[in-house]
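Chemist: Read off the chains here:
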Amino acid sequence: MHLVPPVSRDRVISHFPKWYTPEACLQFKDHFQAQVRSACHQRNTGTVGLKISKVVVVGDLFVGKTSLINRFCKDIFDRDYKATIGVDFEIERFEIAGVPYNLQIWDTAGQEKFKCIASAYYRGAEVIVTVFDLADIQTLDHTKQWLEDALRENEPGSSFIFLVGTKKDLVSGAACERTERDAIRFASEMQAEYWSVSAKTGENVKEFFSRVAALAFERSMLKELEKSNGRMAQIGAGNLIKLEGNSLDAPESNSQASLSCC
Amino acid sequence: MMRERREAAAAAAEEEEAEEAAEDEEDDDDEGEEEEGARGALGKSAEELRTEDVYDISYALGRELQALGGDPARRARLQFQLVRVLELLEALVSGGSRAAEQLRLERDSLRRELGALRGQPARHQLSLGPDKMVIDLTDPNRPRFTLRELEDVLQERNQLKAQLHVVQEELQCYKRVHKESKKEVLENIPSISVRK
Numbered sequence: 001m002h003l004v005p006p007v008s009r010d011r012v013i014s015h016f017p018k019w020y021t022p023e024a025c026l027q028f029k030d031h032f033q034a035q036v037r038s039a040c041h042q043r044n045t046g047t048v049g050l051k052i053s054k055v056v057v058v059g060d061l062f063v064g065k066t067s068l069i070n071r072f073c074k075d076i077f078d079r080d081y082k083a084t085i086g087v088d089f090e091i092e093r094f095e096i097a098g099v100p101y102n103l104q105i106w107d108t109a110g111q112e113k114f115k116c117i118a119s120a121y122y123r124g125a126e127v128i129v130t131v132f133d134l135a136d137i138q139t140l141d142h143t144k145q146w147l148e149d150a151l152r153e154n155e156p157g158s159s160f161i162f163l164v165g166t167k168k169d170l171v172s173g174a175a176c177e178r179t180e181r182d183a184i185r186f187a188s189e190m191q192a193e194y195w196s197v198s199a200k201t202g203e204n205v206k207e208f209f210s211r212v213a214a215l216a217f218e219r220s221m222l223k224e225l226e227k228s229n230g231r232m233a234q235i236g237a238g239n240l241i242k243l244e245g246n247s248l249d250a251p252e253s254n255s256q257a258s259l260s261c262c
Numbered sequence: 001m002m003r004e005r006r007e008a009a010a011a012a013a014e015e016e017e018a019e020e021a022a023e024d025e026e027d028d029d030d031e032g033e034e035e036e037g038a039r040g041a042l043g044k045s046a047e048e049l050r051t052e053d054v055y056d057i058s059y060a061l062g063r064e065l066q067a068l069g070g071d072p073a074r075r076a077r078l079q080f081q082l083v084r085v086l087e088l089l090e091a092l093v094s095g096g097s098r099a100a101e102q103l104r105l106e107r108d109s110l111r112r113e114l115g116a117l118r119g120q121p122a123r124h125q126l127s128l129g130p131d132k133m134v135i136d137l138t139d140p141n142r143p144r145f146t147l148r149e150l151e152d153v154l155q156e157r158n159q160l161k162a163q164l165h166v167v168q169e170e171l172q173c174y175k176r177v178h179k180e181s182k183k184e185v186l187e188n189i190p191s192i193s194v195r196k
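Protein chains in written order, with full-length UniProt numbering: chain A, 1 to 262; chain B, 1 to 196.
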């Protein structure tokens with residue numbers, strides 16, 4: 001394990017970030033689940049290995065996948081278009097509920113000719129972000145195909161799905177609302193959470209990725225707890241283990257339902 | 001053909017002589033026409049000359065011969081020689097125009113063939129098969145590398161990027177440690193001087 005500097009202040013998430021629209025969101029809670037919170041509290045001392053989640057960003061060429069990622073990870077916006085060759089990635093460090101957490105964000109090429117290369121990187125995605133251009137309705141139509149391709153490489157139900165409309169700065173109020181309505185309908189069909197963003201102005205970009213990070217973090221914590229829970233049951237008795245087991249045996253009643261809502 | 005024509009011309013000249021008075025006016029028209037044909041034919045270049053022109057010339061010469069008068073034996077010899085020359089000319093002209101016609105036909109069929117080839121460039125590509133591509137080897141920006149090579153390069157780039165990420169983080173840590181130790185040294189200096 002290598003030395004890790006402290007996470008920058010705007011990557012520290014202590015409260016669960018809010019959705020963009022309640023009409024298409026993955027969960028309504030505004031706090032982390034109790035067992036995740038307590039687990040985070042106990043592991044605060046830093047004995048646990050670094051957690052990392054894989055995010056795959058897909059969508060038509062020129063919708064702004066790279067721009068979206070660059071705005072979030074480097075806080076830059078390049079007006080000139082440069083097609084992504086194959087795939088690229090960024091690692092973004094967070095501290096969520098006191099626990100260090102990384103997002104590995106995979107930026108895939110939108111050009112058809114790179115599909116065979118990019119699709120090899122779809123596997124094991126905890127989060128699939130399908131991106132379209134709010135100013136180009138056709139790119140919204142294509143998101144279903146992109147999602148289908150990405151889902152084919154993953155276990156059913158293992159990935160969070162997001163639908164993101166970019167270039168919000170380019171569309172006026174009425175047109176934007178109309179496209180958003182269509183997109184929200186798409187999102188609910190795709191069982192995705194919807195976001196409108198602008199990489200140029202930075203609008204909603206940080207909020208979006210914080211939401212992605214929090215959801216992915218919580219799920220990965222729950223998965224780990226489930227695993228260790230199983231292991232403890234096998235090991236059997238022991239006061240200390242029993243104490244921890246008790247807190248795990250009483251999850252919030254709405255936890256499973258809230259994960260699969262919408 | 002030439003001989004027939006020549007005989008016809010000679011017969012016409014004789015007939016004319018016999019019925020000079022009777023058909024003067026009628027013949028004038030005919031005669032004028034033929035004379036004109038001969039003049040036109042004699043004015044043509046060798047390439048332009050047709051067999052019809054040779055007949056016109058033959059007719060005109062026959063008339064001139066009839067009108068010449070003098071020793072009939074010498075006239076007959078001259079006529080024989082003229083007929084021979086005209087026969088050779090006829091053969092040359094008709095041979096030449098046949099060759100020209102053949103070349104024209106050949107040229108036209110080659111033109112048609114060329115037009116058809118130019119009109120269907122797709123046919124040439126189709127013969128490659130539906131999933132084939134033609135690469136211009138003189139294009140400096142032509143496709144060169146294989147999918148496998150690109151995949152390898154990308155994988156290598158990604159590994160290096162991941163390593164860079166780790167190194168950058170460690171560097172940040174060392175910078176912080178360095179800064180803090182510097183601060184400590186500076187803070188310790190006055191305490192040492194106080195002890196003195």
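It is possible that some hints are incorrect.
Derived, one-sided and incomplete: chain A residues facing chain B with beta-carbon distance under 8 angstroms [unchecked claim]: (1) Val4; (2) Val7; (3) Ala83; (4) Gly86; (5) Val87; (6) Phe89; (7) Ile91; (8) Cys116; (9) Leu170.
Calculated pairs, BS3-like style, for lysine-lysine (alpha carbon to alpha carbon, straight line, at most 30 angstroms) [to be verified]: (10) A:Lys82 to A:Lys223; (11) A:Lys51 to A:Lys29; (12) A:Lys29 to B:Lys132; (13) A:Lys74 to B:Lys132; (14) A:Lys206 to B:Lys175; (15) B:Lys132 to A:Lys51; (16) A:Lys51 to B:Lys161; (17) A:Lys223 to B:Lys161; (18) B:Lys161 to A:Lys200; (19) B:Lys161 to A:Lys82; (20) A:Lys115 to B:Lys161; (21) A:Lys82 to A:Lys206; (22) B:Lys183 to B:Lys161; (23) A:Lys18 to A:Lys113; (24) A:Lys144 to A:Lys200; (25) A:Lys113 to B:Lys175; (26) A:Lys74 to A:Lys227; (27) A:Lys227 to B:Lys44; (28) A:Lys29 to A:Lys115; (29) A:Lys200 to A:Lys227; (30) B:Lys179 to A:Lys113; (31) B:Lys179 to A:Lys227; (32) A:Lys82 to B:Lys132; (33) A:Lys206 to B:Lys161; (34) B:Lys132 to A:Lys115.
Which chain B residues stay away from chain A? Per the calculated CB distances, all over 10 angstroms, these [claimed, not checked]: (35) Gly40; (36) Glu47; (37) Arg75; (38) Ala99; (39) Asp139; (40) Leu147.
Don't read these hints as lab results, they were simulated from the structure.
Cβ atoms here follow ideal geometry from the backbone N, Cα and C, with glycine treated the same way.
Chemist: Min Cβ distance, Phe89 of chain A to chain B: is it shorter than 8 angstroms?
Modeler: It holds, given that the least Cβ distance between Phe89 of chain A and chain B is near 6 angstroms, below 8 angstroms.
Chemist: Has the given pair, Lys132 of chain B with Lys51 of chain A, been kept, meaning a C-alpha gap of at most 30 angstroms?
Modeler: violated, 47 angstroms
Chemist: Check the non-interface label on Glu47 of chain B: least C-beta distance to chain A beyond 10 angstroms or not.
Modeler: The claim stands: Glu47 of chain B keeps its Cβ more than 10 angstroms from every Cβ of chain A (closest is about 62 angstroms).
Chemist: Would the hint on Val87 of chain A stand, with a C-beta cut-off of 8 angstroms toward chain B?
Modeler: holds, 6 angstroms
Chemist: Beyond 10 angstroms from every Cβ of chain A: is that where the Cβ of Asp139 of chain B lies?
Modeler: holds, 17 angstroms
Chemist: Are Lys161 of chain B and Lys200 of chain A close enough, with their CA atoms no more than 30 angstroms apart?
Modeler: holds, 25 angstroms
Chemist: Please verify whether Lys161 of chain B and Lys82 of chain A have alpha carbons no more than 30 angstroms apart.
Modeler: Roughly 19 angstroms between the alpha carbons, so the hint for Lys161 of chain B and Lys82 of chain A holds.
Chemist: Does the claim that Arg75 of chain B lies outside the interface with chain A hold up, using a Cβ gap greater than 10 angstroms?
Modeler: Non-interface label on Arg75 of chain B holds, nearest chain A Cβ at 94 angstroms vs cutoff 10 angstroms.
Chemist: Given the hinted pair Lys227 of chain A and Lys44 of chain B, is their alpha-carbon gap at most 30 angstroms?
Modeler: Violated, at about 111 angstroms.
Chemist: Could you grab the alpha-carbon distance between Lys74 of chain A and Lys227 of chain A and see if it respects the 30 angstroms cut-off?
Modeler: Violated, at about 35 angstroms.
Chemist: For the pair supplied as a hint, Lys132 of chain B and Lys115 of chain A, is the alpha-carbon distance within the 30 angstroms limit?
Modeler: Holds: Lys132 of chain B and Lys115 of chain A sit about 20 angstroms apart, inside 30 angstroms.
Chemist: For the hint on Val4 of chain A, does the least C-beta distance to chain B fall short of 8 angstroms?
Modeler: holds, 6 angstroms
Consistency note: the structure conflicts with the earlier hints numbered 2, 3, 9, 10, 12, 13, 15, 22, 23, 25, 26, 27, 28, 29, 30, 31 and 40.
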